[in-house]
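So the protein lines, in turn, are chains A and B.
Residue numbering for the first sequence follows this note's numbering, beginning at 1 and increasing consecutively.
Residue numbering for the second sequence follows this note's numbering, beginning at 1 and increasing consecutively.
Keep in mind that the hints were calculated from the coordinates and are not lab data.
Virtual Cβ for every residue (Gly too), placed ideally from N, Cα, C.
Careful, some of the hints might be misleading.
[Claimed, not checked] 20 Å max Cα-Cα, derived EDC-like pairs, lysine to aspartate or glutamate:
id, chain 1, residue 1, chain 2, residue 2
1, B, Lys-661, B, Asp-582
2, B, Lys-290, A, Glu-3
3, B, Lys-224, A, Glu-79
4, B, Lys-417, B, Glu-430
5, B, Lys-421, B, Asp-280
6, A, Lys-71, A, Glu-127
7, B, Lys-206, B, Asp-605
8, B, Lys-421, B, Glu-235
9, B, Lys-224, A, Asp-20
10, B, Lys-261, B, Asp-219
11, B, Lys-290, A, Glu-76
12, B, Lys-261, B, Glu-226
[To be verified] Reference listing, derived: stretches of chain B covered by chain A, where coverage requires no fewer than 3 residues with Cβ under 8 Å from a Cβ of chain A:
id, stretch
13, 81 to 94
14, 102 to 110
15, 127 to 136
16, 211 to 221
17, 601 to 614
[What the hints assert, rightly or not] Examples of chain B residues toward chain A, derived with CB under 7 Å:
id, residue
18, Glu-235
19, Val-281
20, Trp-282
21, Gln-300
22, Ala-346
23, Leu-348
24, Glu-349
25, Trp-357
26, Gly-397
27, Trp-550
28, Gln-633
29, Asn-636
30, Ala-640
31, Arg-646
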Amino acid sequence: MAEFTLNVNGVRRPVIAAEDEPLLWVLRNQLQLTGTKFGCGEGQCGACTVLLDGRATRSCLTPVSAAANAKITTVEGLEQQGSLSPVQQAFVAEGAFQCGYCTSGMIIAATALLREHAHPTDEQILEAMNGNLCRCGTYPRIVAAIRRAADTEPEMETRHAG
Amino acid sequence: MPADEWMTEDHLHEIRDRVRAFELDRRDFLRLCGGGLLVCLAGTAIGQESGHARGGHTLPEEVSAWIHIDTDGTVTVFTGKVEVGQNIRTSLAQSVAEELRVAFGAISMVMGDTELTPWDMGTFGSRSTPTMGPQLRNMAVAARQLLVETAARRWGVDPDTLTAADGKVTNPRNGDSLAYGAITGGEKLTRTVSGDPPLTAAIAWKIAGTAIPKANGRDFVTGKHEYPSDITRPELLFGKVLRPTGFNATMISADTSAAEKLPGVLIVRDGDFIGVVAGDVWTAEQAILKIEAKWNVPQQISSHELFEQLKKGTDSGVPDAAVEKARALADVQFSQQYTVAYIAHAPLEPRAAVAEWHEGKLTVWTGTQRPFGVRGDLARAFRLSEDQVRVIMPDMGSGYGGKHTGECAVEAARLAKAAGKPVKLIWTREEEFTWAYFRPAGIIDIRAGARRDGTLLAWQQDNYNSGPSGLETPYAVAAHVARYHEWNNPPLAQGSYRGLASTANHFARESAMDELAHQVQMDPLQFRLKNLTDDRLRTVFIAAADRFGWGKSHSTPQLGFGIGGGTEKGGFTAACAEVAIDADHKIHIRRLVQAWESGAIVNPDGLRNQIMGAMVQGLGGALFESIQFASGQVLNAHFADYRVPRFRDTPQIEVVLIDRKDLPSAGAGETGIVAVAPAVANAIFAATGQRLRSMPMASGETFSS
């Protein structure tokens with residue numbers, strides 16, 4: 001066990017954990033940030049995706065020690081002054097969820113995609129999102145939500161950096 | 001649903017009779033509600049879901065509370081149904097708002113909490129909309145009538161002269177009005193419903209029938225919604241369970257001494273059950289890894305010999321004499337075999353439970369489609385009465401028929417009992433793929449005959465092990481027989497799955513229909529319509545074909561078109577598929593169009609979402625999902641090895657909804673999955689001439705994203 005300071009959603013949070021403990025469990029069980037989900041623990045489903053210095057990262061495969069010097073953004077950190085981010089708004093507008101368990105990971109992955117490509121091509125959407133599973137099969141609406149977010153907010157990469 | 005079908009389904013769902021007499025004390029509940037209006041249901045006055053007499057048991061004659069209207073006008077609705085992503089929380093609230101004449105936002109739903117909601121068998125079988133919908137609408141009408149009568153008394157007027165709308169009772173003659181909350185006025189009003197009050201016709205719906213967005217949708221994009229695996233409690237500890245190295249294993253020995261040395265680790269041993277509890281998940285995982293256990297795993301059937309063993313293990317389907325006689329007179333005779341593999345539900349949220357003991361009483365938050373069934377499991381496991389156990393089901397990360405059982409809840413409760421503190425247990429993905437249960441594999445034999453003009457004369461369909469749902473043909477054929485043959489000793493735990501065996505039976509039947517259409521040289525759609533008298537099924541076939549552009553162009557070796565459809569559980573559906581074959585002979589599913597009709601639509605947006613999802617999920621079973629197993633082990637218990645549909649696998653999808661406001665609303669959670677597989681198989685045949693008679697249709701490489 002060691003002490004780490006995590007920079008999560010703009011707040012410095014001290015935690016005590018084993019070096020190899022996945023960031024996912026520290027976020028969920030120590031910091032009560034349960035919006036980030038456990039789906040497989042094997043990097044295969046994307047439910048645990050967080051932004052690490054702006055990059056979509058599987059928190060289930062990221063040791064907490066490797067995240068200690070990074071800026072971490074979870075789904076709880078996307079709202080700005082009580083307003084949903086453009087991607088969050090688009091998911092609501094398109095009804096792009098059924099059970100919603102994949103939604104946090106989808107929104108984070110889509111946020112990272114739109115930071116890199118403000119107006120992504122179909123291929124860029126597939127490339128960025130194919131690692132995220134929606135077992136309810138809501139894919140067409142998630143793609144529609146990403147397109148909607150891209151159309152409504154071309155400047156989002158600066159507003160929601162990191 | 002007839003009683004015998006319940007029994008068969010129960011068997012498939014691994015649900016035994018879990019209904020037993022118990023006395024719920026409703027006084028605490030009423031105190032909790034305080035003043036206001038409470039609508040209750042007496043005994044079995046209305047044919048309600050929970051009122052079915054099954055297996056010789058009748059339900060306790062309790063009075064269940066369904067709707068409470070508080071003095072501030074807040075409406076709370078209580079139902080034992082659960083939300084698993086099918087959007088029933090929203091659509092039931094719409095139905096209540098409609099009949100009660102209040103805004104949708106005034107309704108809050110309490111679901112799947114065994115202490116607060118009326119008993120319910122479970123959320124499966126597409127029953128929530130056709131049974132719980134009318135049930136709650138009845139209660140809402142009773143509440144509205146009571147409010148009108150109370151206002152009428154207060155004003156000294158005839159209740160028939162008053163109107164109820166927008167959460168108020170109004171006297172149109174003088175403009176007087178009273179909000180519902182003010183009418184209840186702290187006074188305790190109770191009405192016990194004992195009849196079927198008149199419901200608002202779907203044609204007049206203003207709230208039901210509209211595309212209201214998912215209730216609490218915002219909480220799903222902010223991470224605020226708490227799933228079962230998100231629940232936390234003061235002093236919460238984390239558990240893990242040691243799994244055997246194979247099915248039906250017995251423990252030879254286990255050395256836990258190394259695990260015990262880890263800080264804060266408690267080992268819980270109870271017969272062959274070994275679990276650990278620790279202050280964090282990581283430590284619990286390390287502790288499990290340090291346990292050295294030896295298991296004796298008996299010889300077991302492997303997936304490579306599955307169908308051979310399956311046929312040996314079931315009674316043989318003797319050709320039916322009447323069907324054979326009709327078949328002998330047919331111009332074209334047909335006999336084929338189809339198979340379906342074992343598949344897994346793979347809900348994205350694995351089984352999860354948080355268990356807490358307090359003064360001999362057990363509370364468990366867990367993801368299940370049967371909270372009351374799990375309460376029974378817990379009561380039996382710990383020799384408690386059911387009123388000492390409370391199961392709470394927060395809206396969970398899906399189930400698809402895969403979360404009927406309560407193993408994880410029982411395990412968490414066992415660990416929490418030993419630890420003396422609340423314990424959370426979340427199954428790993430490998431555990432979910434291995435120790436849950438599976439959609440049964442099966443063989444389906446079809447023997448049929450038709451005249452050269454396309455008239456079906458004979459149809460025999462024998463289903464071995466996969467199940468009886470959707471087994472009866474919807475086509476008009478004079479001599480027909482459908483039989484289900486049970487496998488008493490299957491190699492894997494079998495259970496419910498979205499659509500049950502309907503997917504397998506439709507795959508076989510609609511593939512066979514396609515084969516026969518080609519044999520008599522008819523267009524596959526025309527062949528179906530020639531033998532179809534059911535107007536609702538004809539309508540969806542024609543609607544899907546129209547939207548798809550069926551018949552406008554012909555299949556080529558590069559592009560194939562296929563169609564398939566059917567009906568089950570009150571839903572009618574047909575799908576058309578377009579597949580492309582590339583230069584490397586790989587198959588791409590390019591486009592799917594599916595038409596759907598299930599009576600009056602309660603929420604078109606939720607319905608569209610669910611049908612689309614069923615189609616995507618159906619592609620997985622059709623194309624690549626298959627559990628591989630050997631020596632009592634699942635060989636592909638990871639998403640890396642068990643392929644499920646992803647973004648790249650999703651074709652262009654169109655859903656055509658047919659709203660029959662003149663017909664009662666049926667459930668739509670399941671049957672939307674049945675048409676995709678045969679439509680795709682038939683499209684592949686149209687392009688390649690190759691007939692694929694097994695689900696999944698190929699081993700991975702054939703299908704390209």
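For this structure, which hints from the list above don't hold up? 1, 2, 4, 6, 9, 10, 11, 12, 14, 15, 18, 21, 25, 27, 28, 29
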